[in-house]
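A.B. asks: The residues making up each chain are set out below.
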Amino acid sequence: MSMTRSELQDAARQAFGEGGLAPDAGRSWASIAEMGWLMMTVPEAQGGLDLGRDAAGVIHTELGRALVPGPMIAQMLVISALSAADDFPERDDLLTRAMAGEVMTASLARGEKLDCVPDADGASHVLVVSPSRVALVPLDGATINARDTWDKTRRLFDVAPVGEGFTLARGDAAIALSDRMDAQLLFAISGDSLGGAAAILELTIDYLKLRHQFGRPLALFQALKHRVADMKTWLSAAEALFWARAVDPAATLVEIGALKAHACDVYRAIAEDAIQLHGGIGLTMEYHCHLFLKRATLNAVLGGDGDHWDERAGRMALEVAV
Amino acid sequence: MTDALEILRHDVRAWLAAEAPKDWRATCTTHDGFLATQRGWFAKLAAGGYAVPHWPAEWPGGGRSLAEQKVIYEELARADTPRLMLSFMSTYHAASTLFEWGSPEQQARYIPRILDGEIWCQGFSEPNAGSDLAGVRTRAERVSRDGRDVYVVSGQKLWSTMGQFADQCLLLVRTSTEGAKQAGLTYLLLDLKAKGVTARPIHQIHGDEEFAELFLDEVEVPVADRLGEEGQGWAVAQSTLASERGLTLLELSARMRGASWRIADLIRASGREDDAGIVRDFGRLTTKIDATCALADQFLANRIAGEERVGDASLVKLSYSRTLRAFTSLGLRIGGLEAQYHEPIVFGGGMETGNWMADFMNSYAWTIAGGSDEVQRNIISERLIGMPREPKTWTLEAAR
Chain H
1 MSMTRSELQD AARQAFGEGG LAPDAGRSWA SIAEMGWLMM TVPEAQGGLD
51 LGRDAAGVIH TELGRALVPG PMIAQMLVIS ALSAADDFPE RDDLLTRAMA
101 GEVMTASLAR GEKLDCVPDA DGASHVLVVS PSRVALVPLD GATINARDTW
151 DKTRRLFDVA PVGEGFTLAR GDAAIALSDR MDAQLLFAIS GDSLGGAAAI
201 LELTIDYLKL RHQFGRPLAL FQALKHRVAD MKTWLSAAEA LFWARAVDPA
251 ATLVEIGALK AHACDVYRAI AEDAIQLHGG IGLTMEYHCH LFLKRATLNA
301 VLGGDGDHWD ERAGRMALEV AV
Chain D
1 MTDALEILRH DVRAWLAAEA PKDWRATCTT HDGFLATQRG WFAKLAAGGY
51 AVPHWPAEWP GGGRSLAEQK VIYEELARAD TPRLMLSFMS TYHAASTLFE
101 WGSPEQQARY IPRILDGEIW CQGFSEPNAG SDLAGVRTRA ERVSRDGRDV
151 YVVSGQKLWS TMGQFADQCL LLVRTSTEGA KQAGLTYLLL DLKAKGVTAR
201 PIHQIHGDEE FAELFLDEVE VPVADRLGEE GQGWAVAQST LASERGLTLL
251 ELSARMRGAS WRIADLIRAS GREDDAGIVR DFGRLTTKID ATCALADQFL
301 ANRIAGEERV GDASLVKLSY SRTLRAFTSL GLRIGGLEAQ YHEPIVFGGG
351 METGNWMADF MNSYAWTIAG GSDEVQRNII SERLIGMPRE PKTWTLEAAR
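So the sequence lines, in the order shown, correspond to chains H and D.
Residue 259 in our numbering sits at position 259 of the first sequence; the count goes up by one each step and never skips.
Residue 102 in our numbering sits at position 102 of the second sequence; the count goes up by one each step and never skips.
None of these hints come from the bench; they were simulated from the model.
Since the structure is predicted, the reported quantities are computational estimates derived from the model, not experimental observations.
For each residue, glycine too, the CB sits at the ideal point set by N, CA and C.
There could be a bad hint or two in this list.
What the hints assert, rightly or not - From chain D, some residues computed to sit far from chain H (all C-beta separations above 12 Å):
| # | residue |
| --- | --- |
| 1 | Asp132 |
| 2 | Arg148 |
| 3 | Ala199 |
| 4 | Ala264 |
| 5 | Met351 |
Said to hold, decoys possible - Here are the simulated SDA-like pairs of lysine to any residue, each with C-alpha atoms no more than 20 Å apart in a straight line:
| # | chain 1 | residue 1 | chain 2 | residue 2 |
| --- | --- | --- | --- | --- |
| 6 | D | Lys44 | D | Arg113 |
| 7 | H | Lys209 | D | Pro391 |
| 8 | H | Lys209 | D | Glu390 |
| 9 | H | Lys209 | D | Arg383 |
| 10 | D | Lys181 | D | Arg137 |
| 11 | D | Lys392 | H | Leu224 |
| 12 | D | Lys392 | H | Ala223 |
| 13 | D | Lys22 | D | Met85 |
| 14 | H | Lys209 | D | Glu382 |
| 15 | H | Lys209 | D | Pro388 |
| 16 | H | Lys209 | D | Arg389 |
| 17 | D | Lys44 | D | Trp101 |
| 18 | D | Lys392 | H | Val320 |
| 19 | D | Lys392 | H | Leu291 |
| 20 | H | Lys113 | H | Val301 |
| 21 | D | Lys392 | H | Arg216 |
| 22 | H | Lys152 | H | Leu291 |
| 23 | D | Lys181 | D | Arg389 |
| 24 | H | Lys294 | H | Leu21 |
| 25 | H | Lys209 | D | Ile385 |
| 26 | D | Lys195 | D | Ser154 |
| 27 | H | Lys294 | H | Lys113 |
| 28 | D | Lys392 | H | Leu220 |
| 29 | H | Lys209 | D | Leu384 |
| 30 | D | Lys392 | H | Phe221 |
| 31 | D | Lys181 | D | Ser144 |
| 32 | D | Lys392 | H | Lys152 |
Could you put together the complete structure from these sequences and hints?
C.D. replies: Structural data, given as structure tokens:
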């Protein structure tokens with residue numbers, strides 16, 4: 001990859017690190033398109049930047065850190081599916097438009113139902129995945145119902161499109177593509193979760209250093225320090241696993257799913273304890289703690305929950321260790 | 001991974017296929033069997049050039065890069081060879097301290113003997129100096145006896161790993177009570193055959209005797225066997241303790257991953273493959289193990305790149321110790337009543353032997369020894385994260 005991980009990270013922090021948490025959705029989307037992140041994983045021959053999964057890992061981590069709203073994860077699924085699809089007359093045009101920022105969306109839930117679709121009200125197309133066929137269907141005339149999520153950094157919709165749309169893959173190719181989409185989704189949520197976990201942990205540490213009670217900073221109390229040290233340890237190990245699997249071309253869908261379950265466990269645990277460590281202010285809408293908790297709990301159920309992936313990881317380990 | 005490393009991996013694997021002991025656990029049900037297994041395997045490794053890859057290049061088998069050491073340890077773990085417990089203190093703690101602080105004479109005298117299989121132990125901890133090591137009270141007084149310059153040492157040492165089998169001891173003693181606690185410490189090399197030394201094994205809760213307590217009654221140690229200057233003992237001891245943070249945890253993590261089949265077997269043997277709760281917990285554990293291995297790998301990569309931060313080693317140790325507890329705990333849970341019936345242990349059999357109650361109790365070795373989890377949490381929060389340090393002084397007045 002032509003850009004190193006840290007260069008990409010610097011660029012992302014410049015774009016999102018200083019604008020505060022949960023920045024404006026429209027401006028964020030414009031920056032994402034402008035920085036070329038939508039074309040990041042697309043081969044050069046198709047007009048992309050041809051960066052690897054670890055580059056996508058950096059972007060999703062940084063978007064998670066800043067709680068950036070918008071349909072980035074869904075859009076990347078559509079772009080990958082178009083890029084991998086058999087050629088059809090409209091494909092290059094659709095791909096070019098998607099990479100330029102025209103919103104095309106996809107479900108973030110597992111299964112065939114088109115619920116949990118981000119920003120569908122402003123999207124032109126939706127990805128429809130079934131075991132026999134993967135298609136991109138225009139949203140003209142579709143039924144689109146907004147769902148009011150606790151996590152206000154994501155806008156989710158139930159969608160019922162009309163018509164067959166463009167076929168991207170059929171039969172075995174559809175199954176393979178669908179698995180690839182699942183792995184990509186799970187990897188993206190892992191990155192988003194670990195970025196968010198790192199951010200709220202840092203904010204919590206800052207708060208403990210700043211806040212004084214009993215004539216001393218809270219950060220001096222060993223009971224609190226040790227909790228923070230545990231969080232830092234679990235986060236560091238999960239991050240190491242994330243980057244190891246990012247550059248491992250042999251990583252299986254179940255391994256990525258297990259990573260996602262673990263990353264979400266870590267995010268949830270850190271976001272949960274962050275509120276406790278902040279005390280009363282952590283319960284106010286004005287303060288940022290709840291934003292992380294809500295995104296963490298939503299992430300935990302996207303793409304299949306921990307129970308699902310932990311069980312599959314356990315089954316796989318049982319098969320391997322015969 | 002470069003070609004040279006792949007060639008090394010191939011060589012080590014081929015060598016192990018021919019030389020690695022088979023079914024060695026069966027012979028380790030007695031101390032004699034354990035000692036014979038350990039000594040025999042160390043001698044083979046030394047002859048093969050794989051016993052001390054972390055030593056400087058002028059020693060046979062030394063001069064391996066960290067990346068090469070990693071390959072060797074991964075292969076040793078993969079082949080499920082006996083972990084070198086008996087000689088661990090000798091090749092790591094004793095050798096690295098001698099390389100850093102020993103005079104040329106001391107190095108020439110002691111290092112070759114380590115390669116020949118001489119066993120060292122560590123005499124640091126005491127009944128009242130555990131996590132707070134600087135509180136060492138064992139006294140050493142320098143005197144002249146029959147024209148010889150010696151320290152006369154009296155006191156008690158605890159938790160000397162393999163102390164009852166050792167020939168030599170790395171000894172931390174107090175030569176002064178003036179000034180800061182750390183400033184009065186001195187570091188000696190003690191011959192355990194000297195008059196006045198008694199080593200008594202400590203009976204651990206799972207039936208092993210990996211540690212000894214040492215009683216020192218007016219033991220004479222020649223001044224020539226002092227490492228560093230008088231009063232420099234704390235600094236020398238830090239070198240010894242730092243050597244523990246080598247690739248040990250990388251090797252142990254790899255061995256834990258390699259031992260996952262024991263839990264898989266247990267799940268099958270107890271007919272619980274369809275118990276979704278158990279299968280999930282196993283899945284969650286395997287991911288935690290993978291994360292610990294990835295963290296150990298990343299730690300090594302950072303060290304090779306010169307980017308290791310203070311506290312990084314503590315992250316690896318804490319991640320390992322807690323995951324090992326989770327591993328043995330899950331085994332114990334699935335083992336059920338069967339795991340409650342006493343089975344004799346395998347001496348030096350490793351952290352995951354499938355004797356679940358024993359393994360579970362033995363997992364405390366890593367949450368307490370080598371800097372307890374609580375000490376690691378202090379290091380992580382204070383030195384890595386930068387939270388304020390504990391006040392140094394504590395009095396009853398202040399607590400009121």
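A.B. asks: Determine for every hint whether it applies to the structure shown.
C.D. replies: Structure-based check of all given hints:
no., hint, verdict
1, Asp132, "holds, 14 Å"
2, Arg148, "holds, 48 Å"
3, Ala199, "holds, 35 Å"
4, Ala264, "violated, 4 Å"
5, Met351, "holds, 17 Å"
6, D:Lys44 / D:Arg113, "holds, 15 Å"
7, H:Lys209 / D:Pro391, "holds, 15 Å"
8, H:Lys209 / D:Glu390, "holds, 13 Å"
9, H:Lys209 / D:Arg383, "holds, 14 Å"
10, D:Lys181 / D:Arg137, "holds, 10 Å"
11, D:Lys392 / H:Leu224, "holds, 18 Å"
12, D:Lys392 / H:Ala223, "holds, 17 Å"
13, D:Lys22 / D:Met85, "holds, 18 Å"
14, H:Lys209 / D:Glu382, "holds, 11 Å"
15, H:Lys209 / D:Pro388, "holds, 8 Å"
16, H:Lys209 / D:Arg389, "holds, 12 Å"
17, D:Lys44 / D:Trp101, "violated, 29 Å"
18, D:Lys392 / H:Val320, "violated, 52 Å"
19, D:Lys392 / H:Leu291, "violated, 39 Å"
20, H:Lys113 / H:Val301, "holds, 15 Å"
21, D:Lys392 / H:Arg216, "holds, 15 Å"
22, H:Lys152 / H:Leu291, "holds, 8 Å"
23, D:Lys181 / D:Arg389, "holds, 18 Å"
24, H:Lys294 / H:Leu21, "holds, 14 Å"
25, H:Lys209 / D:Ile385, "holds, 11 Å"
26, D:Lys195 / D:Ser154, "holds, 12 Å"
27, H:Lys294 / H:Lys113, "violated, 23 Å"
28, D:Lys392 / H:Leu220, "holds, 12 Å"
29, H:Lys209 / D:Leu384, "holds, 14 Å"
30, D:Lys392 / H:Phe221, "holds, 14 Å"
31, D:Lys181 / D:Ser144, "violated, 26 Å"
32, D:Lys392 / H:Lys152, "violated, 46 Å"
This entry does not satisfy hints 4, 17, 18, 19, 27, 31, 32, going by the numbered hints stated previously.
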